[in-house]
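> Take a look at the letters that make up each chain.
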Amino acid sequence: MSAETVSRRAFLAAAGASLGSAWLAAQPGDLAASLIRAADARRAAQRGEPLPPCEVLTPEQAADIEAIAAQIVPTDDLPGARAAHVLSFVDHSLATWAQNQRQPLLDGLAQFNTAVSQQYPGMQRFAQLTNDQQIEFLRANERNRFFRELRFATLIGMFSNPANGGNFEKAGYRVLGYDDRYVWRPPFGWYDDKANGGPN
Amino acid sequence: MRQQHQAPAVLPRRRAGTARFAPSTVVDFVVVGSGAAGGVVAKELSTRGHTVVVLEQGPRLAPEQFEHDEFRYLVQGALRNNWRKQPQRGNASVTYHRLVGGGSVMFTANYWRFREVDFTERSQLGPIAGTAFSDWPITYADLEPYYTRAEWELGVSGAQGPFDPPRTRPYPLPPLPVKSSGVLFERGARALGLHPQPAPMCIISEPHQGRNACQHCGYCSEFGCEHQAKSSTLVTVIPVAEVTGRCEIRANSYAGKVETDARGRATGVIYFDDNKVEHLQRARAVVLCCNGAETPRLLLMSSSSRFPDGLANSSGMVGKHLMFNGYAETTGVYEHELNDWKSVMVTRMLWDFYLADPARGFYGGGGLDGRYSGYPLFFALYGLPPDSPSWGAAYKRLLRDNYSRTMNIACHSTSLPVETNRIELDPELKDDWGLPALHVTYHDHPDDIAMMRFLAAKALDIHEAAGAQRKWGPQNFEQDGGYHLLGTCRMGDDPHTSVIDKYHRTHDVRNLFLCDGSSFVTSGRGQPTATIQALAYRAGEHIARLARRGEI
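Read top to bottom, the protein sequences are chains A and B. The working numbering numbers the first residue of the first sequence as 1 and each following residue consecutively. The working numbering numbers the first residue of the second sequence as 1001 and each following residue consecutively.
Because the hints were derived from the structure by calculation, they are not lab data. Among the hints, a few may not be true.
[As the list claims (entries may be wrong)] In silico SDA-like links for lysine to any residue, alpha-carbon gap of 20 Å or less: (1) A:K194 with B:D1426; (2) B:K1276 with A:Q99; (3) A:K194 with B:H1336; (4) A:K194 with B:H1216; (5) B:K1085 with A:K194; (6) B:K1085 with B:H1336.
[What the hints assert, rightly or not] Far from chain A, some chain B residues (derived; all Cβ distances over 12 Å): (7) T1025; (8) R1187; (9) E1428.
The model shown is predicted, which means the values in this text are computed figures rather than measured ones. Glycine is no exception: its CB is placed at the ideal position from the N, C-alpha and C atoms.
Chain B with its partners taken away, still in its complex shape (with noise of 0.2 Å):
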């Protein structure tokens, strides 16, 4: 490690496992990923008596090898899906990151709930044309108390708000300690009769399951947590999957096909290690964890006689429905120093645009937060107001000036399911490894962007309220690439029109479960990881049920 850090006051002290499976070995469950969703499971399945096989395609580190390096990590990826090994074609371009915990250790750490509408929304409100918005097969109830488990054993951070939906215990952690942008964005939207609440966060405020509290040291997008404060797969659950003696997390494996036998069952799945050799991990079952880019994309390559349209792909809704979430950033300047280069990126939020409102003559809903305003990297090449000088004494006095002075207001929102909104196999493209690369099609619904709009007008009308010296937001609000990958292999009743069953249970193929962003029906607010996380923890549980039922 390059810099100095203070030692955790705390160390784990879990023991790694010693499970090591060899590929021809028949384990109970292979589960591809090892992030968000895909550790939960890992552990899920395996504290509950079963082997299980995770392949990760990417490296694993220690925590004490996370730097805060934003050439490498943020301009060239280091630990995302590598664009010269793994390129894609489309209109759009997806970003997931590759290493164990996945996205869990390298996410903003956000961590909000659903509430009762999202799962209940197209009743409500009835059917939108050109889009195939749709109930969930759960309701929040169903799910409610896997949220509660995600928040306990991973460590969540927060406080009831008044619009959250009802929990039944309240948040394990308090919140963490409020920044000058929380305190100004509280001040603006209070002044304009909001209800600002603390953000909810997978980061712990304080000690908890051995783990030390969060350092402030300010980089937690894009990086993981060298003091393990931030609640990733790969500090939290995956060591107590390891330590059940059942697990092996098998990194550096890049899964290129589900395998199935002339009966359409899975039997497997192929991989190749480090050095490209290619072997066939045999399983009794098929967990995919991968996210809603790479499930969809290992399905459609998983075809074969039987499956000619891809694997678990009957109803032809594999890879379709991308959703993305909107996003769009403000940007306000204030009179004094906020530093908010410190600490984590979020303390406070409001849901008061939550709920769509036929009065605004379009569909849609979203939240707002007051974050940082950039890594000092991005800083100086996306920080200053629109009409700055980009080079020369003035850029750099302004970039003085600026910095510790500058906040963001952020807008998360819906994204409507659209059929052509798509992961699909580019038919000439491959990745390094011979396989067909991505292929990403993403237009943006107009109501989606017209939500965008909406809350990004709200968040300058927070930044003017707040008493902003200059404040400014985006022109332009179509998307072209995305992190939250969703939608992609829906769940739902019907196999004609989704690809899971409510149990994550493919309706295809009898033992391939699916369990990540893919399966969800619609996509909340803009905050994922939660649902993704409750959702693994309620699949793996079903799962382990029907397992011991002899149902699989």
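Looking at chain A on its own, in the form it has when it is part of the complex (with noise of 0.2 Å):
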């Protein structure tokens, strides 16, 4: 299936033998736990601490997965993924509910550094490229199975609910241009606002 132009629906319908079905159908026993850590997690950082290590991840594993989501959702003006903490929700969802992908992702990453030594002679991984060459190796490997898994895991972590221990301080969610404060009131956008009683 495209994951880019597959309808919401047929994506539920199909997701069981689809891409990044590896993250679906947790036990809620995995979640509960797993939000408790976020949520300790979520307030350290905001006392300005620095995030516990990771879990599964290796330190050069971990370099290379924040790399790769960094280069999927870079920093501009608004905050990308280093900021969202993806790193963080893709490690612990490694270490719970996603951990029989672990060794399929760790696999993956491995044959990704393997042709990245073969294109930059005397580099080993792909933290270590310059962010030309990153975005230059991406673009010749994006339909690489580990590298669509892996941005699915991404914008998880990027736009789903902060709870989940990525999309910190709702970074996902000023990208989008998204407020989740859960109760409005008409009028919603430009053009009902007639209609709701105001002056467009």
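Hints are included, so try docking the two chains, each in its own frame, into the full complex.
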């Protein structure tokens, strides 16, 4: 399936057999423990303390995953994947509800880095490349399954509810211009302003 | 609850029921499933003096436990049938919700009545080769009083539209405030000479029966309503049933078999509790309201020496004629901000293409609606134009530029009843309870595909006429899964070609009734919930009448 054009409903129905299926159908118990940890980490980060070390990823693996995530959603005038704590989300997922995906993902990363070292002599890992080299390499490998899986996980970490450990300080919501206050009154947008009593 | 919500102005003051029955107690009815149909049937039977146990496979959640978490509920499906514990095989998958209130808690809340033609279309159009296209054994006039009861007892917001069937009472509540997607949909449709109208929604626009009005949070589809403004059975009829003191809603109870005796009568339902301990809830009669996948599965699992091909299956029709409804989604990007992530999913729809038209060269009909284009995560995954970058600086910029300026026009349409589209028991695969897994076979009829393509083209015309800067639609219309699970235990007068009679009693077992999407003979135009619930009101009333006369 084409991840970019598939409809929401088709995705939901087909998800059991499709890209990203590894991230589906966690047990609620797994999630409860994860949410407590995510909340603790969030509070620590808000106090300016460093994030706890990764549970699963080595420092080198973490640097590569974070570098790839930061290319998927880079920082501009708004925060990107780094500021959203996507790495923490991915690491914790691999430690808990997505643990059966840990080895496939790490194998995919290792193969990715083998290709990096072949293409860029003297380099061993993605994180060692310059920014331009990283972009060049990802452009050439954007259909790679490992990259697409990591993209899926990165976007969940970036844009889903902050309670899950990513989307720190609603970084993803700010990128979208989305406001999660959850109680609204009309008018809602520019086009319904007049219908709902406004000047437009 | 993790987010801060404004406290509802009026809190429901119904007291929880106290009825508790031992499984060994012979109650009047055991109802399997507490969703759109089961909740209504339980209320209709218990308020008429009957004792009722409702078995629900999912948990019971209080409204304040409903959260806005896409990862948990959409990606991981925390309240859906669980693909790991309840695996499926076949070429398509079925999705339903497992919690007290079922899909009525989690649905988008579109609430379209059927029209007269939906019940008699076969007589008007003639047969369609390769299908079991048939009239219903009931008419719109038979069902109209029950649509009205559903709308008033549950709480539906809307306004009579130009193509609506006759109604004996107006909607109890005025339409919800129009959103920008509704304004644009209306603008585009009117420019093309079409007739848009407020969408009927099972969400209350004003306080109703002690519940607070919609607060426009933006999370209806796939989420429960923490404000209790969505008129699910969980917050409407189930509390009424419980307050009788005669109805027990037994959550976390997974039904595995309808038990029958030597005379061929149902004696109760075998189910597993939360610890997978097996029980038999004994009852004088059984009503299955699981859904169009699980009701036939339960019948097929209830085979015995007397019923070797499954219970109530002398016709061989149990599980056959599965219909998903056609569904296609088109997207447009507009100049100004719509902010369609606020409020209910849909505020305007149209029925100009409802009737089948032989001039098109294929059978079918449907409706269109203007709607939101996705919650934050799903927009990031799937919301941009098809030629967009999928990562990097340009991708991020497009997300920001487009999220608040995008809307969808969705197309809902007919599915023809095809015998080979069906629910079966997988011969090998088992679920976590050791029961045979669902096996689903589904191929859209060519006319269903043609209708989806026809409507998607109309939807793109509306985007164009409304001034969309960009617009796109699907390339491939074939469906590989469904939420609307219809037609698999169809209603009919002939026991050789149908499973239940027009009062929802199985032709084969006198004290076994089925009422949910499986009862449908035809699919309607894509929004089945109002009809499921009207059927449930009617079934409940008739089953109670039969009981009163000693005819069960």
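> Hint by hint, say whether it matches the structure.
A quick look at each hint next to the structure:
no., hint, verdict
1, A:K194 with B:D1426, "56 Å, violated"
2, B:K1276 with A:Q99, "26 Å, violated"
3, A:K194 with B:H1336, "14 Å, holds"
4, A:K194 with B:H1216, "18 Å, holds"
5, B:K1085 with A:K194, "50 Å, violated"
6, B:K1085 with B:H1336, "45 Å, violated"
7, T1025, "31 Å, holds"
8, R1187, "8 Å, violated"
9, E1428, "17 Å, holds"
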